[in-house]
Amino acid sequence: MQQIFHEIKINTKGQGLYDFTNETASWINKQKINNGILNINILHTSASLVIQENADSDVLYDLKNFFNKLVPMENKLYKHTTEGKDDMPAHIKSALTNNQLTLSIKEKKLILGAWQGLYLFEHRIEKHTRLLSHHFIGD
Amino acid sequence: MQQIFHEIKINTKGQGLYDFTNETASWINKQKINNGILNINILHTSASLVIQENADSDVLYDLKNFFNKLVPMENKLYKHTTEGKDDMPAHIKSALTNNQLTLSIKEKKLILGAWQGLYLFEHRIEKHTRLLSHHFIGD
Amino acid sequence: MQQIFHEIKINTKGQGLYDFTNETASWINKQKINNGILNINILHTSASLVIQENADSDVLYDLKNFFNKLVPMENKLYKHTTEGKDDMPAHIKSALTNNQLTLSIKEKKLILGAWQGLYLFEHRIEKHTRLLSHHFIGD
Numbered sequence: 001m002q003q004i005f006h007e008i009k010i011n012t013k014g015q016g017l018y019d020f021t022n023e024t025a026s027w028i029n030k031q032k033i034n035n036g037i038l039n040i041n042i043l044h045t046s047a048s049l050v051i052q053e054n055a056d057s058d059v060l061y062d063l064k065n066f067f068n069k070l071v072p073m074e075n076k077l078y079k080h081t082t083e084g085k086d087d088m089p090a091h092i093k094s095a096l097t098n099n100q101l102t103l104s105i106k107e108k109k110l111i112l113g114a115w116q117g118l119y120l121f122e123h124r125i126e127k128h129t130r131l132l133s134h135h136f137i138g139d
Numbered sequence: 001m002q003q004i005f006h007e008i009k010i011n012t013k014g015q016g017l018y019d020f021t022n023e024t025a026s027w028i029n030k031q032k033i034n035n036g037i038l039n040i041n042i043l044h045t046s047a048s049l050v051i052q053e054n055a056d057s058d059v060l061y062d063l064k065n066f067f068n069k070l071v072p073m074e075n076k077l078y079k080h081t082t083e084g085k086d087d088m089p090a091h092i093k094s095a096l097t098n099n100q101l102t103l104s105i106k107e108k109k110l111i112l113g114a115w116q117g118l119y120l121f122e123h124r125i126e127k128h129t130r131l132l133s134h135h136f137i138g139d
Numbered sequence: 001m002q003q004i005f006h007e008i009k010i011n012t013k014g015q016g017l018y019d020f021t022n023e024t025a026s027w028i029n030k031q032k033i034n035n036g037i038l039n040i041n042i043l044h045t046s047a048s049l050v051i052q053e054n055a056d057s058d059v060l061y062d063l064k065n066f067f068n069k070l071v072p073m074e075n076k077l078y079k080h081t082t083e084g085k086d087d088m089p090a091h092i093k094s095a096l097t098n099n100q101l102t103l104s105i106k107e108k109k110l111i112l113g114a115w116q117g118l119y120l121f122e123h124r125i126e127k128h129t130r131l132l133s134h135h136f137i138g139d
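Top to bottom, those sequences are chains A, B and C.
Residue numbering for the first sequence follows the working numbering, beginning at 1 and increasing consecutively.
Residue numbering for the second sequence follows the working numbering, beginning at 1 and increasing consecutively.
Residue numbering for the third sequence follows the working numbering, beginning at 1 and increasing consecutively.
Please note that a few of the clues may not be correct.
[What the hints assert, rightly or not] Among chain C residues calculated to face chain A with C-beta under 7 Å, some are: (1) 12; (2) 35; (3) 50; (4) 52; (5) 59; (6) 102; (7) 106; (8) 113.
[Unchecked claim] Below 25 Å or equal to it, Euclidean Cα-Cα: the simulated SDA-like pairs (lysine to any residue) are: (9) 69/B <-> 66/C; (10) 69/C <-> 77/B; (11) 79/B <-> 65/A; (12) 30/B <-> 107/A; (13) 85/A <-> 16/C; (14) 30/A <-> 2/B.
[What the hints assert, rightly or not] The calculated label-pair distances, taken between Cβ atoms and stated as ranges, are: (15) 82/C <-> 16/A: 41 to 47 Å; (16) 5/A <-> 9/B: 33 to 39 Å; (17) 68/B <-> 19/A: 24 to 30 Å; (18) 109/C <-> 55/A: 36 to 42 Å; (19) 129/B <-> 55/A: 17 to 23 Å; (20) 58/B <-> 139/C: 43 to 49 Å; (21) 9/B <-> 26/C: 39 to 45 Å; (22) 109/A <-> 74/B: 37 to 43 Å.
Calculated from the structure, these hints are not laboratory results.
This one's a predicted model, so the numbers in the text were calculated from it and none came from an experiment.
In this text, a Cβ means the ideal position worked out from N, Cα and C, and glycines have one as well.
Let's have the full structure, built from the sequences with the hints guiding it.
Shown next as structure tokens:
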């Protein structure tokens, strides 16, 4: 059994879904582990992770839009307002989606459906650098 | 350490929660791994996975009903409408629940609470065949 | 490769978020595994798990408050009402968050962001004892 730890940085430019499937897949491809578990954790609580459809970009637009309506950016709704009107909604959207994804790797390939991609879901308005911990365990 | 990959197919007949605990448990029971991690990924983004109460079927009805009210099937709310009025809501419900579950196996048994079952949550109206990737790693 | 199974009990006193990061971290620190995967499952479906900000307790208040507004405790909305007005909403909140978390351990430390903590999210009004299965696999 081998284990490898790695960090991938994603620069975000406001709210929306950022596909990082290729970054992860190409890193996996360079490792000496063929089969195993890949555990990805986002080290922030105002952005999150989802597996979503990668075929039609309208899906990504509708997702962002739905979450913005479900969790309004209105200071009067929250006590935690010191970090900006988008911060508390970002924590809630993070709780509604995922902070981590556990994926299976078979013969150096991510097991994903034909139309699935890995997305970082940025919930903050301003630019951010987001860190994704990658932990690959297998043989 | 050993690893086994497997796929379980579930035929769904419209929206609702489908218990697949027995399919998974009986497959686990036939493997030569006694203790380990079982990673289950659904290879679709319009159906999802949840661990839920298996005692009262009203819970399953209320879950389906709640998600249908939270994410209405109305084309005017979405840009992505080409695949049917239930498709974009299905992607959103998938983002609100889980695409994957990671479970612990001890002495060939799933570690679950007394009232917990594994469910596929189908969000589409028509019949579908859903694939659940199973990846068992342990010894 | 080694595997260790363990259970952590958390006594809750009504709805809210309970930080168990220290319990988990101090247990990890006593084990002979240095690097590996920690799989945590809550053995209940009326309480759940989230990774959230641990800096400002207002965030925890706002989270509890948001989920209570999103999923009202009103019997007329649900069929499953025999276990109390807070039970069906608890199952729904559990489906909207997580029943399990998979974490990475590097040199006996949880990989978490600077402001991240592990929380049990209790959705029931009365006192409960909650069991968190811990399964640590690595070397």
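Hints and how they fare:
Nearest Cβ of chain A to the Cβ of residue 12/C: about 17 Å, over the 7 Å cut. The hint is violated. With 7 Å as the threshold, the beta carbon of residue 35/C comes within range of chain A, its nearest partner Cβ sitting at about 5 Å, so the hint holds. The restraint placing residue 50/C at the interface with chain A holds, with a minimum CB-CB distance near 5 Å, inside the 7 Å limit. Taking 7 Å as the C-beta cut-off, the interface hint given for residue 52/C holds, the closest approach to chain A being about 5 Å.
For residue 59/C, the interface hint holds, the least distance from its beta-carbon to any beta-carbon of chain A being 5 Å, beneath 7 Å. Hint on residue 102/C holds. Least Cβ distance to chain A is approximately 5 Å, under the 7 Å limit. With a cut of 7 Å, the hint placing residue 106/C at the interface with chain A holds, because the nearest CB-to-CB distance is about 6 Å. Checking residue 113/C against chain A by beta carbon gives a least distance of about 3 Å; that is within 7 Å, so the hint holds.
Only pairs whose Cα atoms come within 25 Å are accepted, and residue 69/B paired with residue 66/C is accepted, the gap being roughly 17 Å. Taking the CA atoms of residue 69/C and residue 77/B, the gap is about 22 Å. The hint holds against a cut of 25 Å. For the given pair, residue 79/B sits about 10 Å from residue 65/A by alpha-carbon distance, which is consistent with the 25 Å threshold. With a C-alpha separation of about 23 Å, the suggested pair residue 30/B and residue 107/A falls inside the 25 Å cut-off, and the hint holds.
Of the supplied pair hints, the one linking residue 85/A and residue 16/C holds, its CA atoms being roughly 23 Å apart against a limit of 25 Å. Distance restraint check for residue 30/A and residue 2/B: the Cα-Cα separation of roughly 22 Å lies within the 25 Å cut-off, and the hinted pair is therefore satisfied. The hint said 41 to 47 Å for the Cβ distance between residue 82/C and residue 16/A, and at roughly 43 Å that hint holds. At about 35 Å, the beta-carbon gap between residue 5/A and residue 9/B stays in the expected band of 33 to 39 Å.
Checked against the hint of 24 to 30 Å, the C-beta distance between residue 68/B and residue 19/A comes to roughly 29 Å, which is consistent with it. Here the CB-CB span from residue 109/C to residue 55/A is close to 39 Å, well matched to the stated 36 to 42 Å. Range check, residue 129/B to residue 55/A: about 19 Å between beta-carbon atoms, so the 17 to 23 Å window is met. Under the hint 43 to 49 Å, the C-beta atoms of residue 58/B and residue 139/C, about 46 Å apart, fit the expected range.
A C-beta distance of roughly 43 Å is found between residue 9/B and residue 26/C, which places it inside the suggested range of 39 to 45 Å. For residue 109/A and residue 74/B, the Cβ-Cβ distance of about 38 Å falls inside the hinted range of 37 to 43 Å, so the restraint holds.
Against the hints set out earlier in the document, a violation occurs for number 1 only.
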